[in-house]
Amino acid sequence: MNNDMLCALAEITDEERKFLAGEEKIDRDIYMAEEGNVISVNKMLPHGDLVAVRTHSRFVDFPEHTHDYIEVVYMCSGKTTHVINGKTVVLKEGELLFLSPNARQRIYPAGEGDIAVNLITRPQFYDGALAMMTDEQTPLKKFIVDSLAGSDTGAPYLLFEVSDILPIQNLMENLIWGIFNKVKDVRKINSTTMGLLFLQLLNHTDRLSYTSDEEELVLKTLMYIDGHYADGSLTELSRLLHYDYAWLSREIKERTGKTYTEHVQSRRLSKAAYLLKNTDIGVDSIAEQVGYENVSYFHRIFKSSFGITPYKYKKAAMTQNEPLPSE
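Start counting the sequence shown at 1; every next residue gets the next number (the working numbering).
Rather than coming from a laboratory, the hints here were simulated on the basis of the structure. Check the hints yourself; a few may be wrong.
Okay, derived cross-link-like pairs now, DMTMM-like style, lysine to aspartate or glutamate, Cα gap no bigger than 20 Å in a straight line [claimed, not checked]:
no.	residue 1	residue 2
1	K258	D146
2	K43	E15
3	K25	E15
4	K25	D4
5	K141	E262
6	K253	D280
7	K79	E11
8	K79	D114
9	K25	E64
10	K18	E112
11	K188	D61
12	K92	D206
Make the full structure from the sequences, and use the hints.
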């Protein structure tokens with residue numbers, strides 16, 4: 001991270017001076033409503049802003065609490081130790097932690113060099129970012145949608161161990177810098193930057209730490225499909241995961257809302273659309289490349305999904321006469 005910005009984020013706040021002077025508890029009025037241990041978005045964003053940056057308060061044990069919003073924590077320097085729904089999670093420099101409203105979080109005291117930034121967000125902030133993602137079910141998209149819907153069955157958190165992924169680090173720095181400095185057109189820029197961050201994170205699901213056995217099943221299924229959409233099978237997946245075929249089929253449908261076949265088809269069509277728009281490969285070759293041996297069937301389901309034939313889609317992309325969905 002840029003050294004000047006890191007120094008600015010590391011400055012001791014008035015609240016932290018009280019802790020260093022002997023104050024042992026947080027001031028609830030700063031964070032919470034009158035009742036319950038729920039950190040309120042209206043307390044954190046009193047002027048109706050969609051997103052704000054706040055450095056994590058160091059030198060104090062932050063008691064167990066929940067949020068009424070999705071919180072994103074980025075570790076700028078050092079590390080912090082969290083207990084989330086009873087599980088200890090250590091957030092290290094360069095890593096990203098997404099917390100759902102149903103996550104019960106406690107944070108142990110951080111030292112002076114442990115600089116974490118919290119992104120406090122309202123639901124509308126994610127509109128642009130979600131629009132940039134495809135219709136495919138991914139762990140991150142499922143987490144955001146479940147959290148916004150107030151689901152009690154979704155993952156309480158996602159931990160991305162991406163400290164060595166430069167594009168993600170750059171995007172996080174840009175996002176923090178833009179919010180921190182309140183640049184012109186900040187809402188549009190921040191929303192777009194978050195969308196780009198999401199797209200980058202989708203490429204690194206292998207760096208995602210599991211939050212539960214149920215989420216691990218969903219994650220491994222989606223990761224398998226992403227790598228084997230053209231030639232994989234539910235039979236092979238059930239063998240790799242050591243699950244009964246029929247049981248796994250039911251679980252995928254129950255936990256994601258789609259069947260294994262529907263996930264595969266969505267991924268194939270998304271990849272086909274990307275290749276049609278961005279390469280010179282012929283339509284029939286693309287159909288075979290993404291896993292369709294029956295080219296006529298590919299033409300039919302592509303038109304059903306996109307409202308236009310693959311040939312017209314490719315022609316429109318080449319002439320840029322009409323907007324098209326992309327991968």
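query: Given the hinted pair K258 and D146, is their alpha-carbon gap at most 20 Å?
result: 15 Å, holds
- request: Sort out whether D206 lies within 20 Å of K92, counting only the CA atoms.
  value: Satisfied, since the Cα-Cα distance of roughly 17 Å is no more than 20 Å.
query: Does the structure keep K43 and E15 at a Cα separation of 20 Å or less?
result: 15 Å, holds
task: Sort out whether D114 lies within 20 Å of K79, counting only the CA atoms.
output: 5 Å, holds
message: Tell me if the straight-line CA distance from K25 to D4 falls inside 20 Å.
response: 30 Å, violated
message: Hinted pair, alpha-carbon criterion (20 Å max): K25, E64. Please report holds or violated.
response: The given pair, whose Cα atoms are some 12 Å apart, holds under the 20 Å limit.
message: Does E15 sit within 20 Å of K25, going by the straight-line distance between their CA atoms?
response: Within the cut-off at roughly 10 Å; holds.
message: Between the alpha carbons of K141 and E262, is the straight-line distance 20 Å or under?
response: The given pair, whose Cα atoms are some 16 Å apart, holds under the 20 Å limit.
message: For K79 and E11, compute the direct alpha-carbon distance and say whether it is at most 20 Å.
response: It holds: about 17 Å lies between the C-alpha atoms, which stays within 20 Å.
task: Compare the distance between the alpha carbons of K188 and D61 with 20 Å, and conclude whether the hinted pair is satisfied.
output: Distance of about 36 Å is beyond 20 Å: violated.
20 Å Cα cutoff - pair K18, E112: At roughly 14 Å apart (the allowed maximum being 20 Å), E112 and K18 satisfy the hint.
message: Check whether the Cα positions of K253 and D280 lie no farther apart than 20 Å.
response: Measuring from Cα to Cα gives roughly 36 Å; hence the hint is violated.
Taken one by one, the earlier hints fail for this structure at numbers 4, 6, 11, listed in ascending order.
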